[in-house]
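Chains as they are written, first to last, in this note's numbering: chain U, 1 to 203; chain E, 204 to 381.
I should point out that these hints are in silico values taken from the structure, not numbers from a laboratory.
Hints may contain errors.
[As the list claims (entries may be wrong)] Under 7 Å between C-beta atoms, here's a sample of chain U residues computed to sit facing chain E:
hint, residue
1, G23
2, M35
3, E45
4, W110
5, Y134
6, G142
7, K146
8, T178
9, V182
10, D191
11, Y193
12, V197
13, T199
[As the list claims (entries may be wrong)] In silico DSSO-like links for lysine-lysine, alpha-carbon gap of 27 Å or less:
hint, chain 1, residue 1, chain 2, residue 2
14, E, K216, U, K173
15, U, K173, U, K146
16, U, K6, E, K327
17, E, K216, U, K146
18, U, K146, U, K125
19, U, K185, U, K6
20, U, K146, U, K185
21, U, K85, E, K256
22, E, K208, U, K85
23, U, K85, U, K6
24, U, K146, U, K85
25, U, K185, E, K256
26, U, K173, U, K6
27, E, K256, E, K327
28, U, K173, U, K125
29, U, K94, U, K6
30, E, K328, E, K256
Keep in mind it's a predicted model, so treat the numbers as computed, not measured.
Every residue, glycine too, gets a C-beta built ideally from N, C-alpha and C.
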Amino acid sequence: MSINRKQIISAMSRIEVSGNDDGLIPGFNVFVNMMPAKFWNSFAERLTRRVPPDMLEAAEFLLVNAAHECGYHTGYGIITSEEWKAVVEPMIEKAPEDVLHGAFAVFTAWGWAKSEIIELVPGQKMVVRAYDYYEADVVSYGASTKPCAYLIRGIAAAFMDLAYGGQYDPTGKTGLRTFQCVQTKGIECGDEYGEFVITRATA
Amino acid sequence: MTQYKKTELMLDKAFDAQSCRHLIAGNTTVLHCHHYTALYTQLAMDCSMLDAKALLAECSEDAWEEFLHGYYRTHNITSVRDRISLAEQTYAAAGLGRMRVTCAGPESGEVTLEHSHVDSGWIKKWGQHSGAVNYIGVGFINAMFAAVFDRPVRTFVATETQSIVSGAPCSRFTVAVR
């Protein structure tokens, strides 16, 4: 693998992001926002703890789906951006596998999760580990029985969509949701790291 | 005529190389896109059994009140005028839009959004919508009034009376004590 994670994280973590004169942050083909992680965590946790048990799966699906669509569209914006072309593209020898490794370095640099791919079966399966992620902050003591890294699940599946799901579709009607992700370990559950297994979607 | 010098927002930004987290004024902060905000908003609108629209606003209120209160305390910002100006600048720096507080008191207020991330993002993703969608903005306004007037969260409630997402040139909110 030719991807230099350390170099990418160093460069991409320094990108200055701030609102323009309209108070908006247009970039990577989307409007970006920059909010306290506490906001996102609070909503996901309060929602999933308050819904009736028979509605939990549906609520979690929608939280993952939000990240899945975000990861698909913003992920495409990132891998076609000038910043990507300058920093990551020169390192790519084998696509799309190196693109995936580079994408997780950017994912780390942007503060979503300190994560990396530990197994990749091209076109079929990917296993990701996250050693620090803000979603785990919902647990300050003990271990939860409910994994809650909905963002990582969605983004990881989206990155596989972009790599192996066919041509990018800005409408999201094709290409999106060709992969699914299951969280098998979580820092919030008492594990040393979060682990995520991404495979072809079955539904 | 009294000259007033605007207090500039000074955000202490840092990247923790060990945890790979971005911190602004000591708060873990993350970048997200309009797809994410639009889908969280849609989820809140669909989940009526929990009144998740109010839940989304409350989560925004809690997060932003902590942020603004912490900023005022750290920088010893005591005047209402400075606090409001800094909150408006915070809203813009976060990419949430251009906010103007047109009046504010310990009982009520009026706020205008000339640009709005949530509204513009919704329009970009799905087109116009017949009703208000900016529950994140409502939460920010509630938090701002609480922090500005040193009151606890849930003291104020903002109501959106016109919306960019519905075709209005700007969004307007009235604020009252609950």
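Now for the hints, and whether the structure bears them out:
1. G23: 3 Å, holds
2. M35: Constraint on M35(U) satisfied, holds at 6 Å.
3. E45: 9 Å, violated
4. W110: Where the cut-off is 7 Å and the nearest Cβ of chain E is about 5 Å from W110(U), the hint holds.
5. Y134: 5 Å, holds
6. G142: 21 Å, violated
7. K146: 17 Å, violated
8. T178: Violated, because the Cβ-Cβ distance from T178(U) to chain E comes to roughly 18 Å (cut-off 7 Å).
9. V182: 20 Å, violated
10. D191: 17 Å, violated
11. Y193: At 13 Å from the nearest chain E Cβ, Y193(U) fails the 7 Å test, so the hint is violated.
12. V197: Interface hint status for V197(U): violated (22 Å vs cutoff 7 Å).
13. T199: 23 Å, violated
14. K216(E) with K173(U): Given pair K216(E), K173(U) is violated - Cα atoms ~38 Å apart, limit 27 Å.
15. K173(U) with K146(U): Status violated; Cα separation ~31 Å.
16. K6(U) with K327(E): The hint is violated at about 35 Å.
17. K216(E) with K146(U): 32 Å, violated
18. K146(U) with K125(U): Distance of about 24 Å is within 27 Å: holds.
19. K185(U) with K6(U): Given that 27 Å is the threshold and the Cα spacing comes to 25 Å, the pair holds.
20. K146(U) with K185(U): Holds, because 10 Å separates the two Cα atoms, which is no more than 27 Å.
21. K85(U) with K256(E): 40 Å, violated
22. K208(E) with K85(U): Not satisfied, since the Cα-Cα distance of roughly 42 Å exceeds 27 Å.
23. K85(U) with K6(U): 17 Å, holds
24. K146(U) with K85(U): 39 Å, violated
25. K185(U) with K256(E): 31 Å, violated
26. K173(U) with K6(U): Cα-Cα ~35 Å, so violated.
27. K256(E) with K327(E): Given that 27 Å is the threshold and the Cα spacing comes to 21 Å, the pair holds.
28. K173(U) with K125(U): 22 Å, holds
29. K94(U) with K6(U): 19 Å, holds
30. K328(E) with K256(E): 19 Å, holds
Checked against the numbered hints above, the structure violates hints 3, 6, 7, 8, 9, 10, 11, 12, 13, 14, 15, 16, 17, 21, 22, 24, 25, 26; every other hint is satisfied.
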